[in-house]
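Each protein sequence line maps, in turn, to chains A and B. Counting in the numbering used here, the first sequence runs from 1 upward without gaps. Counting in the numbering used here, the second sequence runs from 1 upward without gaps.
Hints are all accurate, no fakes.
Derived SDA-like pairs (lysine to any residue); straight-line CA-CA distance at most 20 Å:
(1) B:Lys158 / A:Thr407
(2) A:Lys150 / A:Pro186
(3) A:Lys286 / A:Leu313
(4) A:Lys417 / B:Ala177
(5) B:Lys220 / A:Phe347
(6) A:Lys315 / A:Val454
(7) B:Lys158 / A:Gly403
(8) B:Lys220 / A:Pro348
(9) A:Lys417 / B:Leu221
(10) B:Lys220 / A:Asp350
(11) B:Lys220 / A:Phe349
(12) A:Lys260 / A:Asp9
(13) A:Lys404 / B:His94
(14) B:Lys158 / A:Gly409
(15) A:Lys417 / B:Gly218
(16) A:Lys475 / A:Thr487
(17) B:Lys158 / A:Ser400
(18) A:Lys417 / B:Thr91
(19) B:Lys158 / A:Ser410
(20) A:Lys417 / B:Met217
(21) B:Lys158 / A:Asn411
(22) A:Lys404 / B:Glu157
(23) A:Lys417 / B:Gly205
(24) A:Lys467 / A:Pro75
(25) A:Lys7 / A:Asp32
(26) B:Lys158 / A:Ala405
(27) A:Lys417 / B:Asp199
(28) A:Lys417 / B:Arg222
(29) A:Lys7 / A:Trp564
(30) A:Lys404 / B:Asp150
(31) B:Lys158 / A:Thr401
(32) A:Lys417 / B:Pro204
(33) A:Lys417 / B:Glu93
(34) A:Lys417 / B:Arg225
(35) A:Lys404 / B:Thr154
(36) A:Lys417 / B:Gly95
(37) A:Lys404 / A:Pro492
Not everything, but these chain B residues come out facing chain A in the computed CB check (under 10 Å):
(38) Arg87
(39) Ser219
(40) Ala235
The hints are simulated quantities; they were obtained by calculation from the structure and are not laboratory data. Even for Gly, the Cβ is constructed at its ideal location relative to N, Cα and C.
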Amino acid sequence: MAIDLKKTDVVIVGLGAVGGVAALPLARAGLDVIGLEAGSWLSPRDFAPDELRNNFRGWPQSAQKANGEIPTHRPNPSAPYSPRLPIHPMMNAVGGTSLHYWAQSWRLNPWDFKVASETTRRYGVARIPKGSTVEDWPFGLDELEPYYDKVEYEVGISGQAGNIKGVIDKRGNIFEGVRARDYPMPALTGTEFTERMATAARGLGWHPFPGPAAINSVAYDERPACLYHGFCNRGGCHVNAKNSTAVSTIPRALATGRLKVVTQAIVTSVAIEEKSGRVTGVRYLKGGEEYMQPADVVLLAGYTYENVRLLLLSKSKPFPNGLANNAGQVGRHYITHHTAATVAALFPFDLNNWYGLPAQGVAVDNWADDNFDHSGLDFIGGGNLWVYSDRRPIGAASMSTFGKAPTWGSNWKAFVKENADRWNIAYLQKSTLPYEDNVLDLDPVVKDQLGFPVIRITADNKDNERKLGAFIQDKMAQWFMEAGAITVERGPPGTMGPSTHAYGGTRMGDNRETNVVDRFGFAHEVPNLGILGASVMGTSGAHNPTLTAQALAWRTAEHLSSNWKSIAN
Amino acid sequence: MPNHNDRRNARNDLSRRQVFRQVGIAGAAAALSGAAPTVAATQGATEPATTAAAPGLGAAPSLAPRLEALETLTAAEADTLEAIVARLIPTDEHGPGATEARAAHYIDRALTGALRGSRDAYAANLAALDSYAQTTKGAAFAKLPAAEQDAVLTDMEKNIAAGFTPNAAAFFALVRAHTIQGTFCDPYYGGNADFVGWDLIGYPGIRLTVTADEQRMGSKLRPVRQSAYADGAFAMTGAAKKGGGHGHRP
Numbered sequence: 001m002a003i004d005l006k007k008t009d010v011v012i013v014g015l016g017a018v019g020g021v022a023a024l025p026l027a028r029a030g031l032d033v034i035g036l037e038a039g040s041w042l043s044p045r046d047f048a049p050d051e052l053r054n055n056f057r058g059w060p061q062s063a064q065k066a067n068g069e070i071p072t073h074r075p076n077p078s079a080p081y082s083p084r085l086p087i088h089p090m091m092n093a094v095g096g097t098s099l100h101y102w103a104q105s106w107r108l109n110p111w112d113f114k115v116a117s118e119t120t121r122r123y124g125v126a127r128i129p130k131g132s133t134v135e136d137w138p139f140g141l142d143e144l145e146p147y148y149d150k151v152e153y154e155v156g157i158s159g160q161a162g163n164i165k166g167v168i169d170k171r172g173n174i175f176e177g178v179r180a181r182d183y184p185m186p187a188l189t190g191t192e193f194t195e196r197m198a199t200a201a202r203g204l205g206w207h208p209f210p211g212p213a214a215i216n217s218v219a220y221d222e223r224p225a226c227l228y229h230g231f232c233n234r235g236g237c238h239v240n241a242k243n244s245t246a247v248s249t250i251p252r253a254l255a256t257g258r259l260k261v262v263t264q265a266i267v268t269s270v271a272i273e274e275k276s277g278r279v280t281g282v283r284y285l286k287g288g289e290e291y292m293q294p295a296d297v298v299l300l301a302g303y304t305y306e307n308v309r310l311l312l313l314s315k316s317k318p319f320p321n322g323l324a325n326n327a328g329q330v331g332r333h334y335i336t337h338h339t340a341a342t343v344a345a346l347f348p349f350d351l352n353n354w355y356g357l358p359a360q361g362v363a364v365d366n367w368a369d370d371n372f373d374h375s376g377l378d379f380i381g382g383g384n385l386w387v388y389s390d391r392r393p394i395g396a397a398s399m400s401t402f403g404k405a406p407t408w409g410s411n412w413k414a415f416v417k418e419n420a421d422r423w424n425i426a427y428l429q430k431s432t433l434p435y436e437d438n439v440l441d442l443d444p445v446v447k448d449q450l451g452f453p454v455i456r457i458t459a460d461n462k463d464n465e466r467k468l469g470a471f472i473q474d475k476m477a478q479w480f481m482e483a484g485a486i487t488v489e490r491g492p493p494g495t496m497g498p499s500t501h502a503y504g505g506t507r508m509g510d511n512r513e514t515n516v517v518d519r520f521g522f523a524h525e526v527p528n529l530g531i532l533g534a535s536v537m538g539t540s541g542a543h544n545p546t547l548t549a550q551a552l553a554w555r556t557a558e559h560l561s562s563n564w565k566s567i568a569n
Numbered sequence: 001m002p003n004h005n006d007r008r009n010a011r012n013d014l015s016r017r018q019v020f021r022q023v024g025i026a027g028a029a030a031a032l033s034g035a036a037p038t039v040a041a042t043q044g045a046t047e048p049a050t051t052a053a054a055p056g057l058g059a060a061p062s063l064a065p066r067l068e069a070l071e072t073l074t075a076a077e078a079d080t081l082e083a084i085v086a087r088l089i090p091t092d093e094h095g096p097g098a099t100e101a102r103a104a105h106y107i108d109r110a111l112t113g114a115l116r117g118s119r120d121a122y123a124a125n126l127a128a129l130d131s132y133a134q135t136t137k138g139a140a141f142a143k144l145p146a147a148e149q150d151a152v153l154t155d156m157e158k159n160i161a162a163g164f165t166p167n168a169a170a171f172f173a174l175v176r177a178h179t180i181q182g183t184f185c186d187p188y189y190g191g192n193a194d195f196v197g198w199d200l201i202g203y204p205g206i207r208l209t210v211t212a213d214e215q216r217m218g219s220k221l222r223p224v225r226q227s228a229y230a231d232g233a234f235a236m237t238g239a240a241k242k243g244g245g246h247g248h249r250p
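Based on the sequences and whatever the hints tell you, model everything.
Spelled out as structure tokens, the structure:
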């Protein structure tokens, strides 16, 4: 029997990048919030500069929920399953993956909200790829701008603005949408290598700029500036210069006295009142006991796979196929951000990339989204080019030999000795579309530690994304060569296995037949159930998702507190 | 038991393969130059290496091997693994290799912990490797000359070699990845002994603060040769005083 707890106003499932943001406006509005988190608190002493632990061992210090739930993957229903990832791309802790993410904190570009209509307007409806389920977002960038702004200041983002109130600043991204004001902190410093790349980009007539990051470039919010020590890639910050929600919004929410954090709590289902079809709270396991936490409003704030899984696992008489899934949309419109099709480059000199961080880099958006004319091309969308300083010894020694040496033995050793600091790799985020057959469901065989099915991804890159990938690889190769590379190597297009950039599954939109949540993030079928995270995003854009997911989370939370009576009752 | 933190003999550290065989100076030199050992092994799997070889530690400290328990590999498996890593990253004119880095020691330790999911793969495939070497070359892998060992490893990499699970190429990739980990990891984990891996590729080491000048190309940085756990910031404070624990705190 579950232990019944006292009812609260709002229960948030997951206190990571988005749940940790949403808690703040709710608590400030005077609502009582309980945040259930599968992980526990981690501290700077847990964030050792240890490549093996950070990059190869799935964060042993964190609660191992995610690592027991690694999704399975197959490119399509008749293809064999891909090898299962050894570690989950995400982690569990208060602050979630915002503790160890790369912290690139981009806004989407205006086009990303209007892919369907803008493509139709500019090139004709025939240019929308066959089988794609892409829709315009229910609103444009202008609607989200104030929430981007709030999160940039509350979390703390460094960057160089490119468009303040319509005034273009060439030091920033000239393609970005209008923003009301500058970032709260200047951009992270470049390195001599990234400056060299920027110079090369200008030589090609492109517009390089430093990327935005949830990392302090100067002291901010009583925490110090980044020390550029080189272990930010899947590593937490030993001086709290990375602005995870665990050091930014969550402590502020706790200070209101309205947020209660329950750690080591694994939510197993959302409870339903059958008669009304409303949610009444969540059930969770902690310390071998099962609890029922009643709440007027439930906000799911897990990662994309977790949000979808929890809905599909929460079956009831009114929702026999999973919660909020009577229209059959849960798990649909799934996107794994296409970041394969990399380009690696070999230079004839040392780059000194041993320090720095993946967010310390130089970007080019000339070939992103619809920033260039696609009239004579056979795809839509584009990619962000991103080059950064980030190298540690195991990764360095695992380098490609660019066809110039074998992969082991004395000749390999001689090659790596000379070239370990002479290469760089760009992973290239491409705008990626949803398709009718790229979906998430429950795996019929594979279970987690508790015996619940894990998520099964059935998804692959389609023709549009493959062509786009090859196009962007050419641009990246051109950039590296302009900067003095002696050779480049193009990575394969890859497929769509588990990713840190997983979108969709609970898409947001006005049409309840094709979307799970409405324009404010509440389920069409369950009015007191809100969903936070990139699972509500219908397009990926060509940039990292976290800031957009956080801005949406703030917006959903604000909508809830402003409309409390109609949503909660 | 020898002190894990005792680095007096580190420069002359020999691999466990030599420990088991109790080879003399000539045998050790041959192994370090990449030639096959000339002394037949005594596969005393039930006899801890420390018992047999410990007296040597006191008698000739400058030549004494580091003596440690195998945590999960059998002695025979360890012999084979030592022979593999010695060919993947050989000791040669470019300096020490996986042998001196103690990559096999790293793998043995890791197979009881973070890499335990690979323990069965090692058991099955190290046996398969010896079987394949026996069939095609007439001897166990560790006893083959270097050129023959390389031929066998090439067959594995190209997935020509039969008898492996799931296949030879997959196991080759696994061992290669683990050998690189063991050669270039933080030495706390029992590999990269004496920082030979970091020295090989010119990694300037762990710095908790890095200045803009230190990120310039052409910066000649003084190599920092210290584990992340060498001071109390990220370590168990008890371990910092007493030593011990899981690996080596240089």
